[in-house]
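> Sequence:
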Amino acid sequence: MALYLQFEGENPTYVILERLEGLGHEVTVSEIFDGLKFRIKPPYSLEFEVFPDLNGRWTAFTKSSAEMRRLQGELGNLVVKE
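Under our numbering, think of the first position of the sequence shown as 1, with each following residue one higher.
Hints are not guaranteed to be accurate.
[Unchecked claim] Straight-line C-alpha distance at most 20 Å; calculated EDC-like pairs for lysine to aspartate or glutamate:
#: 1; residue 1: K41; residue 2: E26
#: 2; residue 1: K63; residue 2: E47
#: 3; residue 1: K63; residue 2: E31
#: 4; residue 1: K41; residue 2: E18
#: 5; residue 1: K63; residue 2: E18
[Stated by the list, open to error] Cβ pair distances, simulated, as ranges:
#: 6; residue 1: E26; residue 2: N55; range: 24 to 34 Å
#: 7; residue 1: E26; residue 2: L54; range: 24 to 34 Å
#: 8; residue 1: E74; residue 2: F51; range: 16 to 26 Å
#: 9; residue 1: L54; residue 2: G24; range: 33 to 43 Å
#: 10; residue 1: E21; residue 2: F61; range: 15 to 25 Å
#: 11; residue 1: F33; residue 2: G56; range: 14 to 24 Å
#: 12; residue 1: E18; residue 2: R69; range: 19 to 29 Å
#: 13; residue 1: G24; residue 2: N55; range: 30 to 40 Å
#: 14; residue 1: G22; residue 2: E49; range: 21 to 31 Å
#: 15; residue 1: L23; residue 2: L54; range: 25 to 35 Å
#: 16; residue 1: G73; residue 2: E47; range: 24 to 34 Å
#: 17; residue 1: Y14; residue 2: L54; range: 17 to 27 Å
#: 18; residue 1: A66; residue 2: L23; range: 17 to 27 Å
If you are wondering where the hints come from, they were derived from the structure by calculation, not from laboratory data.
Each residue gets a CB set at the ideal place from its N, CA and C atoms; glycine is no exception.
Let the hints inform the model, and build the full structure from the sequences given.
And the structure:
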């Protein structure tokens, strides 16, 4: 499942961190290749990778579509593309 993050031209790290930590989640971010890996704990056990595309959008990939859909509700400005 891929989610298109609607943060055109900017790195979404701080926006994602600020929102999720503000909601009480424990978030770990690490750099991988040309992107970022997020690990989110309670109430999720979710890991996803985020990469920029040539249009300035950031795309998140995960194996857990159910957890990502729950996360989408909390972040608000994600559009689900399967």
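> Give me the numbers of the hints this structure contradicts, sorted from smallest to largest.
Of the numbered hints, 5 and 16 do not hold.
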